[in-house]
Amino acid sequence: MSTRRTREFFARGAPTHAPTRTGIVAAIVRKDLTTFGRDRLWMILTPLALFMFIGIYWLMPPRVDETLVVGVHPPAMAAALKIAMGVDESDPALTVVPFEDVEAMAAAVADADAVPEGLERPLVGISLPLDLLLRARLGQSATATVYVGANVPDEVRSAMATAVREVAATAAGAPLPVAWTADDVIVLGTDRAGEQIAARERMRPLMAFMVLVTESLALASLVSVEVTQRTASALLASPARTVDVLLAKGLVGTLLAFSQALILLLATRAFGPGWPVLLVAVVLGAMMMAGIGMLTGAAGHDFIGTLFYGMGFLLVLMVPAVGELFPGSAAAWVQVIPSYGLVEAMVGSSVYGLGFADLAIPLLTAAGWVVVVFMLGWWALGRKLVQT
Amino acid sequence: MAASAISVEGAHFSYGEREVLKGISFEVAPGEVLGFLGPNGAGKSTTIRLLTGQLKPSAGDVRVLGRDVHRDRSQVMGRVGVSFEEKNLYPSMSGEENLRFFARLYGVPHPDVRGLLAQVGLETRARDMVAGYSKGMRQRLMIARALVHDPDILLLDEPTDGLDPVSSEAVRDVIRSRVEAGNAVLLTTHDMHEADELSQRVAFINEGEIYALDTPENLKLAHGRRSVKVRLRDAEGVREEAVELDGESAGARIAELMASGDVITIHTAEATLEEVFIGMTGRGLA
Amino acid sequence: MSLRRVLSIWRKDLALGPRSPILLFAVVMPLLITFLVQGVFGSLFERPPRVGIVDPGDSAVTAAALDLEELRTSRVADVETLQRMVTDHDLDAGLVLQAGFDAALRAGERPPLTLYVAGESRANDRVVVAITTIDLLRSVEGRAANVAVEVVAPGGEGVPLQERLVPFIVLYALFAAGVFVTSFSFTEEREKRTIDALLASPLTMNEVLLAKGLFGGTLAAAMSLVTMALNGALVGQAVGLLLALAIGAVMAAMIGLLYGIAAPDTKVLFALIKTLSILVFAPALWYVFPEWPQWIAYVFPTYWLLNPIVEIGQQGAGLADVWWQLAVGAAICVALVPLLSRLAQRVRAPVAA
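Going line by line, the protein sequences match chains P, Y and B.
Numbering-wise, the numbering used here puts 44 at position 44 of the first sequence, and it's gapless, one number per residue.
Numbering-wise, the numbering used here puts 268 at position 268 of the second sequence, and it's gapless, one number per residue.
Numbering-wise, the numbering used here puts 126 at position 126 of the third sequence, and it's gapless, one number per residue.
Honestly, the hints are just simulated from the structure, not real lab data.
Using N, Cα and C, we set each Cβ at its ideal position, and we do this for glycine too.
The reader is advised that the hints may include incorrect statements.
[To be verified] Here are the simulated distance ranges between beta carbons:
no., chain 1, residue 1, chain 2, residue 2, range
1, B, 197, Y, 260, 47 to 57 angstroms
2, B, 47, P, 138, 38 to 48 angstroms
3, B, 226, P, 52, 24 to 34 angstroms
4, P, 302, B, 290, 53 to 63 angstroms
5, B, 47, P, 387, 46 to 56 angstroms
6, P, 52, B, 31, 16 to 26 angstroms
7, Y, 237, P, 301, 55 to 65 angstroms
8, B, 47, P, 121, 19 to 29 angstroms
9, P, 120, B, 343, 22 to 32 angstroms
10, P, 301, B, 47, 40 to 50 angstroms
[Stated by the list, open to error] Straight-line distance between alpha carbons at most 30 angstroms, and here's what the computed DSS-like set of lysine-lysine pairs gives:
no., chain 1, residue 1, chain 2, residue 2
11, B, 267, P, 82
12, P, 384, Y, 220
13, Y, 22, Y, 56
Extracted from the complex, chain P is given alone in its bound form (with noise of 0.2 angstroms):
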C-alpha cells in the first residue's frame, strides 16, 4: 500500500460513531426480548403458567368455611346442643339445621342432593332421643347416633360425641367441673373468627414466586443459549464489554420476572393498603430470580442441564412461600432461606396491609440476599463469558 495510504490508515484515530454504554446495553436488551419473543417454548410456557394461577386463585374459596354446620333431630334439641357446646346466636362457628325427619338428616348428610331446599347441608348430624334430657336427670343410660360425612375429621366426630354427652350433663344438672366463663377464653393476637385469610390469598406469595420461577428459568435458558452457541464471543469481539453483557441479561431477566410477576398480583386484587411494600418486594424478587437466572445459565451445559440447575436452586427458595399455607411461625432453617424475607413482606402487605414500618426489617433481609444472589449470578455469568 502507498505510503500517503498508510498515513490516512493509521491517522484516522477512533471511529466516528463510537457507541455508548447505554447504547450498547440498549442494543443488548433489545436483542433478548426479541429472541425471548420468539422463544416458543417460553411464549408458550409464560402465558400458560399466568393463566393457570390467575384461574387457580379465583376458583379457589374466597372464604374459609370455619363453621360446623350440624342436623340435629329432633328440633327441640337445638337449643340445648347449642349451651352444651358453648356457643350463641352470633357464633359463627357453629350453624344448627334442625331436622324433623331422622332419615332426611342422615340422606343430608350422605348426599348434598338429598338436602332439602331452603337448608344448609349439615357436615354431622346429631339424632338424640326424645327422652334424653328426662333419662339424664334420672340418671338412666340413653344412646344417641351421629351421622357423619364422608371425611369427616375424627376430632370433629370426637366433638359431636361429646357435644351429646355434655348435654345429657347440663341436663342431668351436673356443672362444668372448673371455673370456666367467657373471660377465662382469652383471644391472642387479631381476632379473625368469621373473616380468616382464605387460603387463596395465602397462597398468592407462592404463585407469585411461581411465575417469577418460570422467568429465572426463561433468562437461564437464553443466557445458557449464548454461551452454548458462542454467540458472547461475538458480542466480546465488539465494543461490548462484559460488564455490558451483564447488565444487559441483569435487566432483561428483572424486567421480564416483574412484569409477569406484576401481571399476576394485579389479577389476583393484591395491591390493597400495603402496595408500596408489594411492588419493592416484587422488584427485589424479579432481581433475585434474575440473579438466580444468570447463575443458573452459566451453570448448565445444555438447556436441561440449565433447568436441572434452575430447579434445585428454585424449590429451595420456594419453600418459604409454601411454607406460608401452613399456619404458625417458620422454622428457624427456614428463615435463612433467601427468600424468606421476601415473602414475609408480600404476605404482610398484600394479606395484612402492613407497611414498611411494620416490614422494614423483613425487606432489608431480602435486599441485603437480592445483593448477594445478584452478585453471585454477576461473577459466574462474567466467569463464564470471558470462558466462552
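Dock chains Y and B against chain P, hints included.
For chains Y and B alone, coordinates are given in the frame of chain P:
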C-alpha cells in the same frame, strides 16, 4: 507512527498447564493479507482471540493499530472486524436483524445492511431467520457481520471452511476488495490453496510456534524441491517419472526420456505449501 | 429386528442415564412428591387442632390429651412461651392448669382453667378444642354422662386426601420415567444428530424406537412399583398389579416416543410436555374429585392404565375385576405401534445450529 496494523511480539499463552502459544511474533501491514496456515490445534484461533482481547497473553506484546488491545480496547475494537470459526449468529433473528444488532453495538446509526448482504449474496434471504440458513449462507453472513462497521482490520478465522467452491470464491472476492481498500487482514486457514491465493505472506504455525513467515513463492522456492513430471507409455500401459531438476543428471535423464519417443506429457511440478509445511514441521495440514 | 442391537442401545442409554438430569428428575420427583403428599399436604388439609398445655402439676388431663389422636397436643414449659406460641399461631389453643389440678377437680373444687385461643385459629377448631377439653375434664373427674353414642357414616367412609392423591403420584412416576425419559432420550439423539450415526449402522428406526421405549418403560415400571410401595398401595393380587403396571409402563413409553418424534429439539419437547400434560394427567383428577361423572374419564387413554392400577393396588380388586380395562389399555398400545413406526420414518434431525 506505527507501520504495522497488527503487531505481535513474543506472545505466550497457556490453557492451564498446556502451553498453546510459545512466543509467536508477526506483523500485518495495512493493505496486506497474512495467512496463518496450520493444522487444527496449532494455535490459530487462540491467536485471533488474543487480538480481539478475549484472551490475555501470559507474556509478550499484542498491539493493534499501535495500541495495547486490553488497555485501549474501546479505541481498538471499533476498527476491528472479526469472523469466528464458529457460526455464532442468533438463529431466531433474521440475517438483517443480526447485522442491525451488531451495528448498534458498534454505534453505527444507519448501516447499509442491504448493501452488505448483497455483497455476500444474501440480499434475497435478508428477512429469513438464520436458523433456516445453510452452512454457506451462515458463513457469508459472518463475513457481512465483520464488515458492518466498516473496519480497518479484519480477523478471519477459517472464513471458507466447509463452503462450496462458489461460496468460497464469493468470500475471497470480498476479502480482496477489502484489501484493495486498505484493510489489514489476518486470515487463518488449513487450506493451503486459500492461503496461496489470498495471502501476500504466509506464516506456518504448528504446536504454538511459527516455523516460517514469508511470501508463498519464497517459501516454495526456499524449501520446495523443483522437479519435472514425465508421463510415458510402456509395456504395461502408462507410467509417471519425476526428475529432480536440482540433480546433476537431470538434463541427461530428461534428454534420454525425450529420445525414447514414449513421452505423453511433460510438465514442471512446484512444491505445494502443504509439501513445504510437511517438510518443515513433519506433519500435514489436516 | 435384532434384539442384540436393541439391547446394545438400551445398555448405552442405561450407562449414560445417571449423567442425565432427566433421569435423576424421573427418579427423584416421585419420591419428593410422595414425601410432600404424605408428610405435608395431608396435615395441611386435614390437620387436627394443635394444643399446648402448661401443666406444672403433671395432671391426668395432660396425659389424656397427649394420648388423643383428635388433637395434636404438646407440653409447653411456661405461660409466656405458651402465649407467644398461640399469638404466633404456632398453636391453635393453649391450656393452663394450676398445680394440684387433678385433686381439686376430683374434690369438686372447680379449679380455674385458662384457655388461650389463637386469633387466626378457625372458629370450628375453637369449638372442637373447647368441647374436647370438657370431655377430658369430665373423664378425669369421673363423672361422664351415661350416654352411648353411635357414630354412623350413611354415605360410606370417604377416602382421605392423601390416598386420593396416590393415583396422581403413581401416574407421575409412570410418566416422569416413561414419557419424559423416553422422549428426551429420543429427541436428544435427533438434536445431537447421533440418530444419523445410528441409522447409518445396521440399526433400523424400529429398533431404535424399541430400545428407547424399553429404556423408559423399564424405568417407569420400576418407579411406579417403588412409588406404590412407599404410599402403601401395594395390596391386592401381585399378578394383576404387575400386569397393570407393565401395560402402564408400555403405554407411557409409547406416548414418550410420540412426543420424541414430534419434537425436533429438547426445548420444543419441554413445551409439548408442559402443554399436553393436562391430557395425560387428567384421569388422576377423578380420584381427587370422585363425585365427577366417571364416563368422562374414559376418553383419556391414560385412564385405562391408571384405573386398573388403583383398583388392584388400593382397593384390592382382582384380575377378574379389571381384565377388560387392561385389555383396552393393551389394545391402545397395540394400536399405537403402526402409528409410531410410520411417524418415525419421517424423522429428520434438525438443521444444525
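How the hints compare with the structure:
no., hint, result
1, B:197 - Y:260: 47 to 57 angstroms, "holds, 53 angstroms"
2, B:47 - P:138: 38 to 48 angstroms, "holds, 41 angstroms"
3, B:226 - P:52: 24 to 34 angstroms, "holds, 29 angstroms"
4, P:302 - B:290: 53 to 63 angstroms, "violated, 43 angstroms"
5, B:47 - P:387: 46 to 56 angstroms, "holds, 51 angstroms"
6, P:52 - B:31: 16 to 26 angstroms, "holds, 25 angstroms"
7, Y:237 - P:301: 55 to 65 angstroms, "holds, 57 angstroms"
8, B:47 - P:121: 19 to 29 angstroms, "holds, 23 angstroms"
9, P:120 - B:343: 22 to 32 angstroms, "violated, 55 angstroms"
10, P:301 - B:47: 40 to 50 angstroms, "holds, 44 angstroms"
11, B:267 - P:82, "violated, 61 angstroms"
12, P:384 - Y:220, "violated, 43 angstroms"
13, Y:22 - Y:56, "holds, 14 angstroms"
In this structure, the earlier hints numbered 4, 9, 11, 12 are contradicted, and the remaining ones agree with it.
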